[in-house]
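Participant: Based on the sequences and whatever the hints tell you, model everything.
For the sequence shown, counting from 1, position 695 maps to 699 in this note's numbering; every step adds exactly one.
Just so you know, these hints were derived from the structure itself, not from any lab. Heads up, none of these hints are tricks.
So the derived label-pair ranges between C-beta atoms look like this: (1) Asn742 <-> Thr257: 53 to 61 Å; (2) Asn927 <-> Arg395: 30 to 38 Å; (3) Pro724 <-> Asp391: 45 to 53 Å; (4) Asp886 <-> Leu933: 16 to 24 Å; (5) His104 <-> Lys850: 42 to 50 Å.
Keep in mind that this is a model prediction, so the values were computed, not measured. Ideal Cβ placement from N, Cα and C applies to all residues, glycine included.
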Amino acid sequence: MKITLVTFFVFFAFSFVQAKQESSGLVTVHLVPHAHCDVGWIETPEDYYATEIAKIMNNVVEELTANPDYRFIWVEVWFIQEWWQNSTQLQRDQFVNLVHNGQLELVLGGIVMTDEALVTYWDAIDQLTEGHTWLRENIVPNHPELLPKYAWHIDPFGASSWTPTLFSDSCFDGYVTARINYLLLKVLKITQEMDFIWKGLKYDSGSGRTHVPWTLGHLLHHGYGSPPHCNWGAHDPEKNPPVTPQNISTLATDLVSYLRSVSHQYQGNLVLQTFGHDRAFQNASIEFGNMTLLVNYINANQDKFNMKIKYSTLRETFDDLYSRNLDYPVSLENFDFFPYQNSKGNHFWTGYYSNVPKLKGMIRSSSSILRTLDFFWSLSGIKQAQDPLAREMFENIIKLRKEVSIAQHHDTITGTSPPPPLEESYDNLSKYVLACGRTLSWLMNHFQKTTNIEYSWDVSTLANSLSISKQAYFVAMNNLGWDRKEWITLDFEESNITFDLNNLVISYFDGRLIDQSDIAIIDQKLFLNLNINPLGYETFFIRLLQTSGNNHQETDTIDKKQKELEKKEGEGLELEFEKGEEERKGGEEKERNREGENEKEGENDLEVGSPLTIDNQYFQIFFDKTSGKLIGINNIKSGIHVPLSQDFYYYRGKSGYTPWKMIVDPTVHQVCSKLESFTYKSSTNYKVQEVKQQFSSYLKQIYRIYDDKPFVEIEMIIGPTPVPYQLFSRFNTDWMNNKYFYSDSFGFQLFEKYQAEDPEIIGSAYRPMTHTAAFRNHDESQQITIISDRAHGVGSYYNGGIEIMYSRNDNYKKYGYYWDHDEAITRQFNWLTFDTIENEEKNRQKNALLHNHQFNLMFSSNSMIKVLPFPSYSGLKFSLPDYLHFLTWKSISQTNNDYWLRLQNIITPETANSHVKVPITVNLSDYLLDQNKIQSSTETSLTGLYDLDSCNKKQWGWKEHPFPGQHNQNLKEEKLDHEIEVVPGEIRTFKVTI
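Facilitator: Encoded structure:
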């Protein structure tokens, strides 16, 4: 189904009516006090806590303790943790007591309130798990009934289609949000559909085991603030006058009138009214005191006002709503609420998709490093409680977990904070990654059974050892559950080392040589094709031999005679390309022995007029010899081809732009019509080939292919870009896709997108790209996919292609939003693939995991290692099934041997219809090593908040039942000591004891 905003309007407006007349029934108002406390926005998290949040928590605990009728909800666990460390024992006891007696409700329960556009599903799950685990162990041990049951996501800038899956599988009963398109909000108010059933990702085994995650979505009617004239914490007595005997009747009448108008927008004469705002209740006695006067006055005059108002938590509010036995409309399956538009005109909040690419890249790479640390720590079996040094090493992991979680906040990964919080996030990630390098070095010594080897993330450590000792060691780690053979790059451009295939010896530590076909050199970059066991590592030895003469490797190039060729009128350049192409192809056929390959269907169908070509066993990539730009691609295996161009452009920001919104002049500016320079280079064995393109002083790009890899790597070196450039790249074909394209939700399922808004409003065309975007030719069943190493914005205003925004350098300085890191150079990597839709979708998700979790490398400063008892390791006996992803294995605490373990079937349900008819069945015990044998296991909700058997969710009524009874089905808990099945799209979570 083609899902557009208009379609959604029509769907929800089936009972479209005029605003209902004032009801004569009693209106019940649940007044929910809260403080929206960003873990970093205008200030850093630490500054917020020190200046405002500690005061809020102290005052709220004091007021609730003294007044049993008061209520409050709290969201962000990071602030609870900070307060917990700095509060008195009496305050902590009061806090716990308030939770137990129901006055203070813990909602959502993540470290932060994440963004929903740019965060990967694994990071979203992990940050919720961190918060939920801490609450379960510290605040409400042995009382699961007091754990969060509702998601409070009232500030992220739109909502993802994977959101109902995330929160339903976390065993939440409902989801409250505020920021959706203003036009859609108007319609839902009129039709009284502000509460609705939101369906998520359907799991279907094809053999009877079916589960449809869903949640009750609740839309706030006017943001998350207080009613008019009730924001006494804003210190504006003119707009929010203190309640006095003289004005109480007028203020109460105004409040009742406002709340009654709101009641028309919801079913059941029940209103959830927020009472609070950003960092409210710093003077809780004043805010509660004024509102209590109004509440008591209204309730005392119920005959007059026909309204009952009370302080409530979310649990109390939704319990009341549930008791009314209402039926709710069912949303379109897998529908999202992007882009967020808060008012008419050019107010689409799509700019943040592409903000701060340097920080976005740091967040993604830090997350992958954290994954490596968590897995290897779990595999080690180290008991940190017994060893002070082990506790110190594990504390580094805890700090990185927390910092990666903070970075998912909806003002951090989005780049909508001013410089201090963004710089702190970037610097803290760098600091804790560095500290975790020490932890991982210590872990490697544990696995290798040594004590004196220091490892570093810095490749210069390797270069120094080679320069001084002519030999060096490094370790490559695989943090995925599959056996992998992947190319790595060792960049020695900053060193004075020279090498070629004749003076370079690379081997495993046990002496087995790396085959010459798995080594490639271009300039000062060394490419190695390494095979690493699942959840394992290998130690490698590099030695430089003493040779005479020039050690620089000879590579095929197109720039050796550039100066001479420039004197000719283009003909010489073309001839030189042709000559180089013939020589290269001849050598390549000898190397690969691919007889008859040129006769493959489709290989020579592309009419491009003798282009420059790079190719491997999967693809031919064509470049125009005059402009140096991409002009086409062939898939050799599938025998298909497409004219494909790629170029860079920019929009200019104009008055009114902000970090949130993309407000630009719609004029498209091309970076350059002809490249400043371009060169072709390959290793002598043609295992790695490159075309380097220089677009401008701030933009370089390298197309790179590896002989045995089914993707094209595109390396972009961007920056510093001029202000106010918003730099994007367009990929164009001759396909007629009618401006439909695809982007991922939370980094998992791919959804069709379309934007038919005003072409003068560029921001309306963009959608979030967590890591994947694609476009299709349905007539020929072909697809081009781009997988990135960080989040971006992606859109389309034309047929046959998409545009991806890689960098925004708007000048927000006058707003206080300007970050120097935006001016720095960013190095971004994309994978491009082209195949049939069937093959693309079968491989897409695994390719995304491979790209986002590449081998981690550590380099030894000790160049004279003689004994290494265990130079290699595999964390599994053998590789997991192809589509079964070992999503999580992480230690829960420092005091026991309990771990979170997750398995995921990465085939999406719609792909499974074509490729995987049955679930993956696995007995994990068959794969685990004996020392990691599972002693006991309990299946839990997605984040470990509830044991699966105790996850009893409210069964909200549906107005329609397309799959009768499906919403009443609960999946039963299973143990990991026998075969379990994981159906397409499903994630199963277990708490295990090793």
